[in-house]
Amino acid sequence: MEIQTDNKLEKEAHTNNRKEFAKLGFALFFMVAVLTYSFMTSGGVPNSLFLAIAALFGAYMAMNIGANDVANNVGPAVGAKALTMTQAIIIAAIFEAAGALIAGGEVVKTIKNGIIDITAFGNDVNPFIWAMMSALLGAALWLNFATMAKAPVSTTHAIVGGVMGAGIAAAGFSIVSWPTMGTIVASWVISPVLGGIIAALFLFAIKKSILFQEDRIQAALHWVPLFVALMAWAFVTYLVLKGLKQIWPSIVKYVNMLIEILPNSSKPDMLTASVLGLIVAVIVYSIVRKRIKIRTRVLSNTRQSVNALFTIPLIFAAALLSFAHGANDVANAIGPLAAINDAVLSGGISSKASIPLWVMAVGALGISIGLALYGPKLIRTVGSEITELDQIRAFSIAMAAAVTVIVASQLGLPVSSTHIAIGGVFGVGFLREWLQGSTLNQVIEEERHFIEDDLHALRAFEKEQEALERKSDKTKEEYARIVELYRMIELEKEKIKEAKRILKSAKKVKYVKRDAVKKIVAAWIITVPAAALISAMIFFMLKGVLS
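Quick note: the sequence shown uses the numbering used here, first residue 86, plus one each step.
Don't take every hint at face value.
What the hints assert, rightly or not - Heads up, simulated DSS-like pairs for lysine-lysine below, C-alpha to C-alpha not over 30 Å straight-line: (1) Lys-561 with Lys-580; (2) Lys-578 with Lys-561; (3) Lys-292 with Lys-375; (4) Lys-548 with Lys-462; (5) Lys-582 with Lys-603; (6) Lys-561 with Lys-292.
It is worth saying that the hints were derived from the structure and are not from the lab.
Construct the complete structure from the given sequences, taking the supplied hints into account.
Pasting the structure below:
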């Protein structure tokens with residue numbers, strides 16, 4: 086039997102090793118293909134080797150974004166079992182790539198959030214190229230480490246740290262825009278707190294309006310269409326503001342050719358985005374109400390039935406979050422690469438750069454490949470290893486992700502989409518603990534009374550037993566009573582032991598795993614300095630080798 090078990094474990098180990106080797110081989114093939122293509126298409130340009138190596142680093146960075154950051158968009162849907170792991174990866178890969186290619190923009194800011202002053206480089210292109218290469222590789226290495234540690238971190242903060250570290254190594258501390266860094270530090274607190282509060286409020290609203298009602302099906306018929314319509318408004322508004330801002334002028338041009346309804350602006354404003362969201366929300370409300378009216382005829386009055394009504398909206402939320410993420414965060418992978426490409430081809434340094442299609446494709450494909458190969462680890466962490474999720478809780482997290490970004494952008498608050506999503510997971514978990522608190526306190530109080538009663542009975546039995554055993558001339562009935570008392574004493578001891586076990590377990594009930602919270606928060610705090618330190622070390626290595 087032991088030999089069979091050993092053989093089985095050995096076969097599983099070999100299978101896992103082959104899978105990991107195949108993943109690594111595919112990832113290396115993609116990076117080598119990017120390196121080769123870049124070198125072959127720019128071979129006659131000075132510093133073309135730097136561009137090819139930077140493209141390699143950009144591909145590596147993009148894959149790490151896919152492996153780590155995308156989990157926040159689809160993890161709750163997988164944890165709620167609205168999507169299987171395979172379905173989530175396929176949907177996220179398609180919409181991440183679509184967001185990057187369609188709405189990623191033709192021009193990006195090469196220095197994310199203006200964290201360093203590029204005029205400090207003067208017209209010296211080489212240090213600038215080395216700094217951007219160091220930023221890409223430093224951020225990617227930190228993301229790789231965080232993914233291995235199963236810690237979802239902000240890829241934006243990773244590239245910010247990378248650019249900052251390389252910039253300091255190249256031109257000193259004065260190159261950094263410290264007020265900008267201050268807003269990034271503020272986002273460590275603002276993002277998860279806002280995301281957690283908004284997710285908890287949505288979950289509480291759904292519980293109060295539907296799950297706590299006696300007739301849940303009738304309540305669902307009234308409220309679910311409203312919640313889904315609100316989701317539609319939030320996501321369309323979010324998508325217009327964040328996902329379509331790069332191609333907004335083209336949208337305005339083509340729409341106004343048919344009917345002139347959109348204001349002629351370079352980017353969408355809140356009013357336009359809200360009105361478009363409201364139009365979609367009204368349409369969605371009408372469709373969802375009709376469908377739910379049909380479904381409620383066959384549903385039972387249970388939480389599971391209500392949960393099922395949120396499955397399809399949750400799938401749409403995962404897809405739209407992935408699209409918006411691809412449109413926005415592709416710049417984390419290709420921004421420095423676009424800067425290097427522009428510097429190599431033009432021989433100058435610019436804060437903005439046009440992005441060739443091949444550079445955009447590196448970001449889009451890299452994110453999708455990284456997600457497919459290494460994303461499941463972080464998807465499981467977000468979906469099930471922080472707190473238990475169902476469709477309603479996951480829906481609340483998705484809503485928080487969209488609403489928080491809208492609110493924060495209007496208030497001018499710095500936020501991180503990663504921190505918002507994970508904060509939402511924390512929020513729904515801590516709300517469950519708070520709602521269950523009164524019930525658990527009641528259980529604890531009851532068990533304490535049981536223990537006190539059982540201890541009182543145990544002492545009475547023990548005293549009676551001692552008194553009978555001290556008698557020298559015991560009757561037959563007294564001997565029988567002593568035997569009965571032994572049995573009753575053992576029974577009371579078992580009851581006390583069980584009550585103490587229940588009391589101990591009741592005190593330990595936690596719906597959010599504290600170890601996971603500590604690890605993730607620690608990873609958030611050290612992301613910027615860790616990426617900065619790694620990129621600074623890489624810059625000094627490159628400078629030492631190449632100068």
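Sort out whether Lys-580 lies within 30 Å of Lys-561, counting only the CA atoms. OK: Lys-561 and Lys-580 at ~29 Å, within 30 Å.
Would you check the hint for Lys-548 and Lys-462, treating anything up to 30 Å between C-alpha atoms as holding? 60 Å, violated
Between the alpha carbons of Lys-578 and Lys-561, is the straight-line distance 30 Å or under? Answer holds: Lys-578 to Lys-561 is near 26 Å, not above 30 Å.
Lys-582 and Lys-603 were given as a pair; does the straight-line alpha-carbon distance stay at or below 30 Å? 33 Å, violated
Mind checking the alpha carbons of Lys-561 and Lys-292 for me, to see if they're no more than 30 Å apart? 64 Å, violated
Lys-292 and Lys-375 were given as a pair; does the straight-line alpha-carbon distance stay at or below 30 Å? 22 Å, holds
When the structure is compared with the earlier hints, violations turn up for hints 4, 5 and 6 and for no others.
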